[in-house]
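A.B. asks: Start from chain A and add chain B according to the hints.
Keeping their order, the protein sequence lines are chains A and B. Residue numbering for the first sequence follows this note's numbering, beginning at 1 and increasing consecutively. Residue numbering for the second sequence follows this note's numbering, beginning at 1001 and increasing consecutively.
Wrong hints could be hidden among the right ones.
[Stated by the list, open to error] Covered stretches of chain B, going by a simulated chain A footprint (3 or more residues, C-beta under 8 angstroms):
| no. | region |
| --- | --- |
| 1 | 1029-1043 |
| 2 | 1047-1056 |
| 3 | 1062-1072 |
[To be verified] No farther apart than 25 angstroms at their CA atoms in a straight line, the calculated lysine-lysine pairs in the PhoX-like style are these:
| no. | chain 1 | residue 1 | chain 2 | residue 2 |
| --- | --- | --- | --- | --- |
| 4 | B | LYS1011 | A | LYS45 |
| 5 | B | LYS1011 | A | LYS2 |
| 6 | A | LYS45 | A | LYS2 |
| 7 | A | LYS79 | A | LYS42 |
| 8 | B | LYS1057 | B | LYS1071 |
| 9 | B | LYS1011 | B | LYS1057 |
| 10 | B | LYS1057 | A | LYS45 |
| 11 | B | LYS1071 | A | LYS42 |
| 12 | A | LYS45 | A | LYS79 |
Quick caveat, the hints were computed from the structure, so don't treat them as lab data. No residue lacks a Cβ here, since even glycine has one placed at the ideal position from N, Cα and C.
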Amino acid sequence: RKEVEQDPGPFNVPEGATVAFNCTYSNSASQSFFWYRQDCRKEPKLLMSVYSSGNEDGRFTAQLNRASQYISLLIRDSKLSDSATYLCVVRHASGGSYIPTFGRGTSLIVHP
Amino acid sequence: DTGVSQDPRHKITKRGQNVTFRCDPISEHNRLYWYRQTLGQGPEFLTYFQNEAQLEKSRLLSDRFSAERPKGSFSTLEIQRTEQGDSAMYLCASSSSFGIGQENTGELFFGEGSRLTVL
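Extracted from the complex, chain A is given alone in its bound form:
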């Protein structure tokens, strides 16, 4: 089983739609959680951290369920510019190291 699993999609949605992505992780000792965004042929960039209480940044809401070991990202009122790959990242400590592990990403295509 992979450490971080995501549905690769693609999710094909019209502008204005609400879309949700889930991500599951296998290491129960994981401590920090993130969503990164990667545009085609570009490097990944941090979208938002995911906190235990859940957090919101504009149209984006992230939630963490430690008991079930999954993370979600909700995008409301999708824009064409939201088209990208969304990478779930889980970080755990291992012998003093902090290793961020990426999922394979979920592709989102927002169409007019």
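C.D. replies: The following block gives chain B in isolation, referenced to the frame of chain A:
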């Protein structure tokens, strides 16, 4: 403000040759990571430095891969005797371990990557 820079951006080489990639992290960042990414996959962790110490290298793909960060600043990733399966994008990222609580998100700042093609 200079971000993470990687060199070269593209490298085409013949099977069996050695290649070396360089990464210059954000200057105040003490952590440096190397990842590999192939088409349709997320970045795959290879190795990690805190200052000049290589704290995790068990995930380097084979003994043909090695990395250094001699003075705790720039880093190099070397692949010896390249194989066609080594063709990928090699990404470097840096972050800071400093800060308190949510002030330090541990955000990774990536370079634009070095694309390797092995013929």
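A.B. asks: Each hint should be assessed against the structure and marked as holding or not.
C.D. replies: Right, here's what the structure says about each hint:
1. Coverage of the region 1029-1043 of chain B by chain A holds [criterion: at least 3 residues with CB-CB distance below 8 angstroms; count 7].
2. With a threshold of 8 angstroms between beta carbons, the proposed coverage of the region 1047-1056 of chain B by chain A holds, since 4 of its residues qualify and at least three are required.
3. Chain A is given as covering the region 1062-1072 of chain B, and this is violated because 0 residues of the stretch bring a CB closer than 8 angstroms to a CB of that chain, at least three being needed.
4. With a C-alpha separation of about 24 angstroms, the suggested pair B:LYS1011 and A:LYS45 falls inside the 25 angstroms cut-off, and the hint holds.
5. Between B:LYS1011 and A:LYS2, the direct Cα distance comes to roughly 30 angstroms. Violation of the 25 angstroms bound is thereby established for this hinted pair.
6. Taken as a hint, the A:LYS45 and A:LYS2 pair is honoured in the structure, with Cα atoms around 22 angstroms apart against an allowance of 25 angstroms.
7. Of the pairs offered as hints, the one joining A:LYS79 and A:LYS42 holds, with about 19 angstroms between alpha carbons and a cut-off of 25 angstroms not exceeded.
8. A hinted pair counts as satisfied when its Cα atoms are at most 25 angstroms apart, and B:LYS1057 with B:LYS1071 qualifies at roughly 18 angstroms.
9. Taking the CA atoms of B:LYS1011 and B:LYS1057, the gap is near 24 angstroms; set against the 25 angstroms cutoff, the hint holds.
10. Using a Cα cut-off of 25 angstroms, the hinted pair B:LYS1057 and A:LYS45 holds, with the two alpha carbons roughly 24 angstroms apart.
11. Between B:LYS1071 and A:LYS42 the alpha-carbon distance is near 29 angstroms, which puts this suggested pair outside the 25 angstroms criterion.
12. Our distance criterion of 25 angstroms between C-alpha atoms is met by A:LYS45 and A:LYS79, whose separation comes to about 18 angstroms.
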